[in-house]
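**Student:** Sequence:
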Amino acid sequence: MRIAVPNKGRLHEPTIDLLERAGLHLENGAERKLYADTVDPDVSVLFARAADIPEYVADGAAEMGITGYDQVREARVDDVDELLDLEFGRCRLVLAAPEDGDIDGVEDLAGRTVATEFPNVTRDFFADTGVDPNVVEVSGATELTPHVEMADAIVDITSTGTTLKMNQLAVVEEVLASSVRLFAREDVVDDPKIREVRTALSSVLSADGKRYLMMNVPQDRLEEVREVIPGLGGPTVMDIADDGEGDDGMLAVHVVVDERDVFETITEVKNAGASGILVTEIERLVE
Numbered sequence: 003m004r005i006a007v008p009n010k011g012r013l014h015e016p017t018i019d020l021l022e023r024a025g026l027h028l029e030n031g032a033e034r035k036l037y038a039d040t041v042d043p044d045v046s047v048l049f050a051r052a053a054d055i056p057e058y059v060a061d062g063a064a065e066m067g068i069t070g071y072d073q074v075r076e077a078r079v080d081d082v083d084e085l086l087d088l089e090f091g092r093c094r095l096v097l098a099a100p101e102d103g104d105i106d107g108v109e110d111l112a113g114r115t116v117a118t119e120f121p122n123v124t125r126d127f128f129a130d131t132g133v134d135p136n137v138v139e140v141s142g143a144t145e146l147t148p149h150v151e152m153a154d155a156i157v158d159i160t161s162t163g164t165t166l167k168m169n170q171l172a173v174v175e176e177v178l179a180s181s182v183r184l185f186a187r188e189d190v191v192d193d194p195k196i197r198e199v200r201t202a203l204s205s206v207l208s209a210d211g212k213r214y215l216m217m218n219v220p221q222d223r224l225e226e227v228r229e230v231i232p233g234l235g236g237p238t239v240m241d242i243a244d245d246g247e248g249d250d251g252m253l254a255v256h257v258v259v260d261e262r263d264v265f266e267t268i269t270e271v272k273n274a275g276a277s278g279i280l281v282t283e284i285e286r287l288v289e
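The sequence shown begins at 3 in the numbering used here and counts up one residue at a time.
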């Protein structure tokens, strides 16, 4: 089973980090290589350009792929299914035009020129609006094209909007919201190994921003503690074996809470009678 992942750029390191955290540790290094094995003998990694990954998966060079949703839409591949939003690499494709120009809405671009690195996404967007501009594909520096009279507007990626502002461009409308996704070919989505990889990656995402709280609680204070725990479902409650030091009647309470709630929760459970409170990070959480 082969996973195609970005070989460089802003998506490379977060993708490799996610695979490592999910337990798919890469072996033999990944620098300047086309393939890398993982600790799972049934799973290997194929390094490719982010824009090429959808085609690699559709054509059978890999069974799974990790790349931006914008790249999947641009590739127009029909036989791949999205399995998981990996929740990083968030960005937007936006329609933008010069701030001091006469383009205030999509309808103002009828018969005019739009430059973009995403011609397929752009044409699909305008087809949905019923407006028919001339879409010109460029390979870089898209934001400069209106200033050198190559285009009246652009469709380009933005994360913070800083580059658009630097080039005196204003957003006219959002074209597409994107993030990095895990996807697979339709004919293999039910393969047990693919489900295993999806679960492993999902467990890392589920653990992000969560903490595991463990505490000792007197049996007669359990309900008070329950009332102040903002956990995922009810806490796990276990008897503590009497070790002869007066622990009889104490319970061990374990619960997963959001990281942002930890400070307040510790104070509240302590006031409710808990002691021996321990907070740990969670590497993976299978829900």
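For the record, the hints were derived by calculation from the structure and aren't laboratory data. Please note that a few of the clues may not be correct.
Just the calculated beta-carbon pair ranges, DEER-fashion [stated by the list, open to error]:
| # | residue 1 | residue 2 | range |
| --- | --- | --- | --- |
| 1 | Thr-201 | Pro-232 | 36 to 42 Å |
| 2 | Thr-162 | Asn-30 | 35 to 41 Å |
| 3 | Asn-30 | Asp-126 | 37 to 43 Å |
| 4 | Glu-15 | Pro-100 | 23 to 29 Å |
| 5 | Gly-25 | Asp-260 | 21 to 27 Å |
| 6 | Asp-44 | Arg-286 | 16 to 22 Å |
| 7 | Asp-81 | Glu-225 | 34 to 40 Å |
| 8 | His-149 | Val-190 | 45 to 51 Å |
Pairs of lysine to aspartate or glutamate, EDC-like flavour, derived with a Cα cap of 20 Å [to be verified]:
| # | residue 1 | residue 2 |
| --- | --- | --- |
| 9 | Lys-212 | Asp-87 |
| 10 | Lys-195 | Asp-54 |
| 11 | Lys-212 | Glu-266 |
| 12 | Lys-212 | Asp-19 |
| 13 | Lys-35 | Asp-54 |
| 14 | Lys-272 | Asp-192 |
| 15 | Lys-195 | Glu-266 |
| 16 | Lys-272 | Asp-222 |
| 17 | Lys-195 | Glu-270 |
| 18 | Lys-212 | Glu-283 |
| 19 | Lys-212 | Glu-22 |
| 20 | Lys-195 | Glu-283 |
| 21 | Lys-195 | Asp-39 |
| 22 | Lys-167 | Asp-134 |
| 23 | Lys-272 | Glu-225 |
| 24 | Lys-272 | Glu-229 |
| 25 | Lys-167 | Glu-188 |
| 26 | Lys-167 | Asp-19 |
| 27 | Lys-212 | Glu-145 |
| 28 | Lys-212 | Glu-261 |
| 29 | Lys-195 | Asp-44 |
Glycine included, every Cβ here is placed at the ideal spot set by N, Cα and C.
**Student:** Could you run down the list of hints and mark each one as holding or not?
**Tutor:** Taking the hints in turn, this is what the structure says about them:
no., hint, result
1, Thr-201 / Pro-232: 36 to 42 Å, "violated (26 Å)"
2, Thr-162 / Asn-30: 35 to 41 Å, "holds (37 Å)"
3, Asn-30 / Asp-126: 37 to 43 Å, "holds (40 Å)"
4, Glu-15 / Pro-100: 23 to 29 Å, "violated (35 Å)"
5, Gly-25 / Asp-260: 21 to 27 Å, "holds (24 Å)"
6, Asp-44 / Arg-286: 16 to 22 Å, "holds (19 Å)"
7, Asp-81 / Glu-225: 34 to 40 Å, "violated (54 Å)"
8, His-149 / Val-190: 45 to 51 Å, "holds (47 Å)"
9, Lys-212 / Asp-87, "holds (18 Å)"
10, Lys-195 / Asp-54, "violated (23 Å)"
11, Lys-212 / Glu-266, "holds (14 Å)"
12, Lys-212 / Asp-19, "holds (18 Å)"
13, Lys-35 / Asp-54, "holds (16 Å)"
14, Lys-272 / Asp-192, "violated (47 Å)"
15, Lys-195 / Glu-266, "violated (41 Å)"
16, Lys-272 / Asp-222, "holds (14 Å)"
17, Lys-195 / Glu-270, "violated (43 Å)"
18, Lys-212 / Glu-283, "holds (7 Å)"
19, Lys-212 / Glu-22, "holds (19 Å)"
20, Lys-195 / Glu-283, "violated (27 Å)"
21, Lys-195 / Asp-39, "holds (15 Å)"
22, Lys-167 / Asp-134, "violated (26 Å)"
23, Lys-272 / Glu-225, "holds (13 Å)"
24, Lys-272 / Glu-229, "holds (13 Å)"
25, Lys-167 / Glu-188, "violated (41 Å)"
26, Lys-167 / Asp-19, "violated (32 Å)"
27, Lys-212 / Glu-145, "violated (40 Å)"
28, Lys-212 / Glu-261, "holds (5 Å)"
29, Lys-195 / Asp-44, "holds (8 Å)"
Violated hints, in rising order: 1, 4, 7, 10, 14, 15, 17, 20, 22, 25, 26 and 27; the structure is consistent with all others.
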